[in-house]
Amino acid sequence: MNPEALKLRTRAEELRKDAEYAVTALSNHVNSCRHNYSEPEFDPIYREAYTSPGDPPGTMGVDFRGPCHVPAKTTKRWKRECVECGDIQYTQKIHKTTLESPEFGDRTVGRLG
Numbered sequence: 001m002n003p004e005a006l007k008l009r010t011r012a013e014e015l016r017k018d019a020e021y022a023v024t025a026l027s028n029h030v031n032s033c034r035h036n037y038s039e040p041e042f043d044p045i046y047r048e049a050y051t052s053p054g055d056p057p058g059t060m061g062v063d064f065r066g067p068c069h070v071p072a073k074t075t076k077r078w079k080r081e082c083v084e085c086g087d088i089q090y091t092q093k094i095h096k097t098t099l100e101s102p103e104f105g106d107r108t109v110g111r112l113g
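In my numbering, the protein residues as written are 1 to 113.
Since the hints were made in silico from the structure, they are not lab data.
We treat Cβ as the ideally placed atom computed from N, Cα and C, and that holds for glycine.
A few of these clues could be false.
Stated by the list, open to error - Pairs of lysine-lysine residues, derived as DSSO-like cross-links and limited to a Cα-Cα distance of at most 27 Å, are as follows:
(1) K96 / K79
(2) K76 / K96
(3) K73 / K93
(4) K93 / K76
(5) K17 / K7
(6) K73 / K96
(7) K93 / K79
Said to hold, decoys possible - If you anchor each label on the Cβ, the simulated ranges turn out as follows:
(8) N31 / E100: 38 to 44 Å
(9) S38 / V62: 52 to 58 Å
(10) A72 / K96: 22 to 28 Å
(11) K96 / T10: 55 to 61 Å
Taking the hints into account, I'd like the entire structure generated from these sequences.
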């Protein structure tokens with residue numbers, strides 16, 4: 001084997017082992033952290049609009065599917081980061097709350113404004 005190729009293979013294997021060790025050490029550190037998360041931050045996922053090209057003419061017979069426009073879409077997402085270890089958590093779940101207050105004719109108790 002070419003000495004340069006052997007040197008590169010050896011270096012690549014050393015780096016692969018170092019990377020595995022670093023990932024394991026980081027995972028252990030994150031798992032043992034007591035996690036002090038920051039306030040949730042809105043971090044939406046945006047997908048741009050695009051046009052699906054459909055089937056090439058003459059390939060699908062009666063089941064031909066022509067070009068189709070797919071609109072842009074924004075998915076609500078929040079993230080929070082641990083200030084101790086840097087672990088980042090994402091969620092798309094929300095908790096909806098309903099505020100009820102008694103209503104007395106023309107006046108509502110507890111209404112702002």
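Just tell me: holds or violated, for the beta carbon distance of S38 and V62 against 52 to 58 Å?
-> 56 Å, holds
Satisfaction of hint between K79 and K96, Cα-Cα up to 27 Å = Since the Cα atoms of K96 and K79 sit roughly 18 Å apart, the hinted pair holds (cutoff 27 Å).
Taken at face value, is the distance from the CA of K93 to the CA of K73 at most 27 Å?
-> 17 Å, holds
Given the hint that K17 pairs with K7, test it: the Cα-Cα distance must not exceed 27 Å.
-> 16 Å, holds
N31 versus E100 beta-carbon gap, inside 38 to 44 Å or not = 42 Å, holds
If you draw a straight line from the CA of K73 to the CA of K96, is it 27 Å or shorter?
-> Status holds; Cα separation ~22 Å.
For the range 22 to 28 Å, tell me whether the beta carbons of A72 and K96 fit it or not.
-> 25 Å, holds
Given the hint that K93 pairs with K79, test it: the Cα-Cα distance must not exceed 27 Å.
-> 11 Å, holds
Does K76 pair with K96 here, judged by a C-alpha cut-off of 27 Å?
-> At roughly 14 Å apart (the allowed maximum being 27 Å), K96 and K76 satisfy the hint.
Could you tell me whether the CB distance from K96 to T10 stays inside 55 to 61 Å?
-> Since K96 and T10 have Cβ atoms about 58 Å apart, the given range 55 to 61 Å holds.
Between K93 and K76, does the CA-CA distance stay at or below 27 Å?
-> 9 Å, holds
In terms of the numbered hints stated before, the structure departs from none.
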